[in-house]
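Undergrad: Below, each chain spelled out in residue letters.
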Amino acid sequence: MALLIPVLLLYGLSCALYLAFLVAPRDGLARLARVALVLGLLAHTADIGVRCVHGLHPVATAQEAVSFAAWLLVGAYLVISLRYRSVVVGGFVAPVALVGMVLARLSPSAPAAVPPGGLSTIGRIHITLSMIGVAMFALAAAVAVIYLVSESQLKAKKIGILQQRGLPLATLDALGHRCITLGFPVFTIAIVTGAVWVAQLHVAGAALRPEYSISMMTWLAFGALLLARAAAGWQGRRAAWLTLAGFGGALAVVLIYLMRSVAG
Amino acid sequence: MEFVVVGLSYRTAPLAVRERLAFAPAELEKALRQLVDLPHVEEALLISTCNRVEVYAAARAPESGLAELRSFLGSARSVDGEALARSLYEHAGEAAVRHVFRVACALDSMVIGEPQILGQVKEAYGAAVRVGTARSWLCRCLERAFTVAKRVRSETRIAEGAASVSSVAVDLAQSIFGELGGRIVLLVGAGKMGGLAARRLRAAGAAEVLVVNRTHERALELAREVDGKARPWDDLEGLLAVVDVAITSTGASEPILSAARMAQVVKRRKHRPLFLIDIAVPRDVDAQAAKLEGVFLYDVDDLERVVADNLAARRKEAEAAERIVSEEVRLFGAWLRAQGVTPTIKELRAHAEAIVRAELERTLPALDERSHAKVQAMANAIVNKLLHAPLLALRHDEALTAAVRKLFDLAGEKEPAPEQPAPLATAKKEPP
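Residue numbers (numbering that gives the first Met the number 0), protein chains in the order written: chain Z, 0 to 263; chain G, 0 to 431.
With the rest of the complex left out, here is chain Z (with noise of 0.2 Å):
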């Protein structure tokens, strides 16, 4: 809990630089936007690693799962920032891994939260590889919107900082596409794991469970982008919009396990 503390305030300071930048967009303030977010990911770490000391696997809560989540979040774009300007996206990156980590630590969790005897193996499998796809996503749905908004921007002639400071559309579109290429795979062998999980612990009315179709219907969604791109030319922003829409079902997904083991 120590550790929380300093996650929740490097990432907040990022989160107002990012801000700051986009209003007055200033080298330094990206910089330390930058600067913040990495201390954030290493108090992050940290954090991580102590509660896995004391026996707190990273993803045997849902609540943990998310914090994990947002940390794998955190890490890619920093990886990502290494070859592309992309400040812009960092501005979106920030404020939704301050979101998950508030979701993830300040939720109260439920007594029955850890179930006894703790996750089998292909439980934390399955999850550990969720989280990994629903980071990617996390991701390629940043970018989606900064692509979005930067698309119309240009249609409608006005121009301003996503052109001046941002990627170019082009750019945005691969990197989308990188993401979910990264991401697919590792969700499809999670949503296999997770079938074979289901299939383990026997709950009853299993099929009729809201977020067993919704992560189906993520999946089928990301998989028809990859064949519309591949088959059909699809970029820009039909691309865009049905990674918000891939993206969203995640989240949903994501966002009820975390209800269940808020409410238990």
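It should be emphasised that the hints constitute simulated quantities derived from the structure, not laboratory data. Just so you know, not all the hints are guaranteed correct.
Straight-line alpha carbon distances no greater than 30 Å define the calculated DSBU-like cross-link-like pairs of lysine-lysine that follow [as the list claims (entries may be wrong)]: (1) Lys228(G) - Lys191(G); (2) Lys157(Z) - Lys228(G); (3) Lys266(G) - Lys157(Z); (4) Lys266(G) - Lys345(G); (5) Lys290(G) - Lys269(G); (6) Lys29(G) - Lys121(G); (7) Lys191(G) - Lys157(Z); (8) Lys315(G) - Lys157(Z); (9) Lys266(G) - Lys315(G); (10) Lys157(Z) - Lys269(G); (11) Lys345(G) - Lys373(G); (12) Lys149(G) - Lys154(Z); (13) Lys149(G) - Lys121(G); (14) Lys290(G) - Lys266(G); (15) Lys266(G) - Lys156(Z); (16) Lys345(G) - Lys315(G); (17) Lys156(Z) - Lys290(G); (18) Lys405(G) - Lys154(Z); (19) Lys373(G) - Lys156(Z); (20) Lys405(G) - Lys384(G); (21) Lys156(Z) - Lys315(G); (22) Lys269(G) - Lys156(Z); (23) Lys154(Z) - Lys315(G); (24) Lys373(G) - Lys384(G); (25) Lys315(G) - Lys373(G); (26) Lys315(G) - Lys121(G); (27) Lys191(G) - Lys154(Z); (28) Lys154(Z) - Lys269(G); (29) Lys290(G) - Lys191(G); (30) Lys315(G) - Lys149(G).
To be clear about the criterion: a stretch of chain Z counts as covered by chain G if any three or more of its residues have a C-beta under 8 Å from a C-beta of chain G, and this derived list gives those stretches [said to hold, decoys possible]: (31) 152-162; (32) 233-244.
C-beta: ideal position from N, C-alpha, C; glycine also.
Model the placement of chain G on the given structure of chain Z, informed by the hints.
TA: Coordinates of chain G only, in the frame set by chain Z:
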């Protein structure tokens, strides 16, 4: 020695006057030598661009120096004296330093923040260093001006946002496609602006420029001009289906690309974005085509508006740049004053110490070592206490320097010779 500036620019003089006063590169050396031959001019630098002709100089006396520079500019060229007098501006001291800083930062340019002027000033400076008319005084000021210009560029957004229609077209193409390598540009029609935009896109990395025109001979001619390839007019639709950027600038009185025709093109493009630049007046592309998926349609007005917005943003950034310049002028002034005062302080101390030493030797030569040290310490203490207030006053008031030198009868040169700063890389080059 005082730093002075005399000159004229687009602000004060019409082109008719500027072009008559301009110095060709070949005339520069002779003019610089003539300048330093003037009785009150110690060092000189001459900058001559299409927008300004200015002389920067170190003058032994500012008033006489400025008068000599004015008459030099008048006599060097057969310019109507009255028109010239109306056009000339002059600055001395801190105002001159501020002027040079502002010029180097492109704050005094017609297009604020434009990149050429800094290079032109560096060139003029390099020439003056080579000829030997820019030495310690001008070097200090100009080197500092270049540092200030660099600082302004990195701390403000004064140079951001394209300032011309064709460079806005390049910027927008890059906002859509990123690097232009591999992208194909189609030029439709023979308008002058269209050709310019195509050339700029090619220079920015576009892989190829294709040219179509109603008369194929004209297309061939244009293709030579823009380093592209001519294609038959009938292929227009097929070409539009494959290129990434299309520039239309025909003289047609009706749109040659209707919305319906563009819809057909877009269907064939399979979602790939198309940047359509319609520079023709009247327009070549139906404005409705802007609604099609993946089509970014900009006409002349749109591009001009972006230019205007960018220039407005630059003017706003210029306020921040002016603050930086003011700060740097102040710092530079303080530094110069310190440079001027320090030698006097040193000399005054040396002078006093010499007196102490001489008097000690003269009146108490037989003293043993311990007593000698004691007496010397006392004498030094008296001198230090006596000099404390004058030295302090000197540090804060440069004007007292001359008075102190006179009062204490300090010899030595009147003008402190500052260390020569390292010349610029460009200045090191030997003339060919």
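Undergrad: If you draw a straight line from the CA of Lys149(G) to the CA of Lys121(G), is it 30 Å or shorter?
TA: holds, 13 Å
Undergrad: Check whether the Cα positions of Lys154(Z) and Lys269(G) lie no farther apart than 30 Å.
TA: Measuring from Cα to Cα gives roughly 18 Å; hence the hint holds.
Undergrad: Check whether the Cα positions of Lys266(G) and Lys345(G) lie no farther apart than 30 Å.
TA: Since the Cα atoms of Lys266(G) and Lys345(G) sit roughly 83 Å apart, the hinted pair is violated (cutoff 30 Å).
Undergrad: Between the alpha carbons of Lys157(Z) and Lys269(G), is the straight-line distance 30 Å or under?
TA: It holds: about 26 Å lies between the C-alpha atoms, which stays within 30 Å.
Undergrad: Within a Cα-Cα threshold of 30 Å, do Lys315(G) and Lys157(Z) meet the stated pairing?
TA: OK: Lys315(G) and Lys157(Z) at ~18 Å, within 30 Å.
Undergrad: Holds or violated: are the alpha carbons of Lys290(G) and Lys191(G) at most 30 Å from each other?
TA: holds, 27 Å
Undergrad: If you draw a straight line from the CA of Lys228(G) to the CA of Lys191(G), is it 30 Å or shorter?
TA: holds, 17 Å
Undergrad: Next pair to validate is Lys29(G) with Lys121(G); report whether the Cα-Cα distance is within 30 Å.
TA: Answer holds: Lys29(G) to Lys121(G) is near 19 Å, not above 30 Å.
Undergrad: Is the straight-line distance between the alpha-carbon of Lys345(G) and that of Lys373(G) 30 Å or less?
TA: With Cα atoms ~24 Å apart, Lys345(G) and Lys373(G) stay inside 30 Å; holds.
Undergrad: Is Lys266(G) close enough to Lys315(G), meaning Cα to Cα at most 30 Å?
TA: violated, 43 Å
Undergrad: Regarding the pair Lys405(G) and Lys384(G), is the alpha-carbon distance no greater than 30 Å?
TA: Distance ~20 Å between Lys405(G) and Lys384(G) Cα, so the pair holds.
Undergrad: If you draw a straight line from the CA of Lys266(G) to the CA of Lys157(Z), is it 30 Å or shorter?
TA: holds, 26 Å
The earlier numbered hints that this structure contradicts are 2, 4, 9, 12, 16, 18, 19 and 25.
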